[in-house]
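S.K.: As they're listed, the protein sequences go chains C and L.
Take any residue in the first sequence, count from 1 to its spot, add 64: that is its number in the numbering used here.
Take any residue in the second sequence, count from 1 to its spot, add 18: that is its number in the numbering used here.
Think of the hints as simulated: they come from the structure by calculation, not from any bench.
Even glycine gets a Cβ: it sits at the ideal position worked out from N, Cα and C.
Possibly wrong hints are sitting among the right ones.
Computed from the model, here is a short list of chain C residues facing chain L with C-beta under 10 Å [stated by the list, open to error]:
1) Asn180
2) Thr289
3) Lys291
4) Leu314
5) Ala322
6) Glu325
Computed list of lysine to any residue pairs in SDA-like fashion (alpha-carbon distance at most 20 Å, straight line) [what the hints assert, rightly or not]:
7) C:Lys90 - C:Leu213
8) C:Lys291 - L:Ser76
9) C:Lys339 - C:Glu325
10) C:Lys292 - L:Val39
Taking CB as the label site, the calculated pair distances span [what the hints assert, rightly or not]:
11) L:Asp49 - C:Pro99: 42 to 50 Å
12) L:Gly106 - C:Gly332: 24 to 32 Å
13) L:Gly106 - C:Ser309: 21 to 29 Å
14) C:Asn135 - L:Glu110: 38 to 46 Å
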Amino acid sequence: MELKFEGLKNMISFDGTEELVPVLEKVLKGWKFKPAKNNASKNPIIRIRRGPTGYERTSPWLNGGKMVLANPVDAVCDLLLDIERAFIADSGKLLALHAAAVELDGGLSVFPSTHNAGKSTLGVLLAARGARLFADDVTPLDPQQGNGLFMGVAPGFLPRLRLPLPDDLAPEGADFINSHAGPKSENFLYINLNETQLASLGQSAPVNRIILLERKKDAAAEIITVKKSEILKHTIMQSLNQDVSAIEILDNLNGMVAGCECLRLTYGRSEDAAKLLMSTFANEK
Amino acid sequence: MNDDVMQGIILRHPQAIFREVDEDVFLVHPDGVTIYNLNPTAAAIWRLMDQPNNEALSGMEMAEILSAAFPVISLERLQSDVKNVLGGLVNEGFAVKQ
């Protein structure tokens, strides 16, 4: 079976792996796809076939190799990386940042990935408190033709938490996660969010804040201002575009950082971080 | 190499592009692919390299200028810093010996 996704130039081929499609449907928000009329596509951009040890995926982004995953949720989870890469590449203009993005005050707060920062959990807890999550792992960015305004674009994926969940989750957070549990594997749990909690594919909002996350055991949640050069350094390290020149990446990210509030959030418990962010930027009492 | 770096003239590679943000400098390698970040000390040395060719400074001269600007830091320490930075810039392809 080949599926044609609206917004992607090429098909995705499911060769004996059609059972992945219902899982895919559950984790996508705003995507439209349908079976291709004839299996006549010469070059599907992404192929998933059943192999002896699991679901084997090939794509232009796997450098001639293949990704093999036994569990269907894990296979879909990894497939989304390539779907997002295709979406960004086919746009001809989007940049990609390894970062979460949450709409707090009409604008997007972007959280570049840092080791063990818990950005996905934080994103879900913010959604539980009324914020709108745009992305929990990779955020597409639209430079808006260089006029200094950067828009974050929602990729339309449910957020995915790594298992096991943090053992210091407060009861409210744990209850929200458990009551919104979606597709699950040993490694990951998708969280079902509705349209007010999660932006659909293509929805956009201006990036107005970039926040580095620093998780420290038992630390009280605190937000401080940091230099733009520090933020720029981190965003360059989390830039994922492989087909964009270094100077274009540097100038685009420098332009985005120049127009943003640049902050660091230090915290011990994710709930404390979510509460501080909402009270500081989203007028939560 | 180290004596050359300090006694001779090291120039910015003509195809190295850079941007200044706060006290830092972000360098784009002549290969067009890699981005390097210079901390404030290395950035200061990079800025000192911005002289017309006939007025370019040697590493020793740069260390003396920095010593006047930062009298609390020993000249020997600054010479070591300049030597390391200039050597690194040459090794990584951002600078060339005159």
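S.K.: Evaluate each hint against the coordinates.
M.R.: Structure-based check of each hint:
Taking 10 Å as the C-beta contact cut-off toward chain L, the hint placing asparagine 180 (chain C) at the interface is violated, the least distance being around 23 Å. At its closest, the beta carbon of threonine 289 (chain C) sits 12 Å from a beta carbon of chain L; the interface hint therefore is violated under the 10 Å criterion. For lysine 291 (chain C), the suggested interface contact is upheld, since its CB lies about 5 Å from the closest CB of chain L, less than 10 Å. For the restraint placing leucine 314 (chain C) at the interface with chain L, the shortest Cβ-Cβ distance is roughly 6 Å, inside the 10 Å limit, so the hint holds.
For alanine 322 (chain C), the suggested interface contact is upheld, since its CB lies about 8 Å from the closest CB of chain L, less than 10 Å. Because the smallest distance between the Cβ of glutamate 325 (chain C) and any Cβ of chain L comes to about 15 Å, over 10 Å, the interface hint for this residue is violated. With a CA separation close to 33 Å, the supplied pair lysine 90 (chain C) and leucine 213 (chain C) exceeds the 20 Å bound. Distance hint between lysine 291 (chain C) and serine 76 (chain L) is unfulfilled; the C-alpha atoms sit about 31 Å from each other, more than 20 Å.
A threshold of 20 Å between alpha carbons decides the hint, and for lysine 339 (chain C) with glutamate 325 (chain C) the separation of about 19 Å falls inside it, so the pair holds. For the hint linking lysine 292 (chain C) to valine 39 (chain L), the alpha-carbon distance of about 7 Å falls within 20 Å, and the restraint holds. The hinted range of 42 to 50 Å is satisfied by aspartate 49 (chain L) and proline 99 (chain C), whose Cβ atoms lie roughly 44 Å apart. Distance hint check for glycine 106 (chain L) and glycine 332 (chain C): the Cβ-Cβ separation is about 38 Å, which falls outside the suggested range of 24 to 32 Å.
Checked against the given bound of 21 to 29 Å, the beta carbons of glycine 106 (chain L) and serine 309 (chain C), roughly 23 Å apart, stay inside it. Between asparagine 135 (chain C) and glutamate 110 (chain L) the CB atoms are about 43 Å apart, so this pair conforms to the stated range of 38 to 46 Å.
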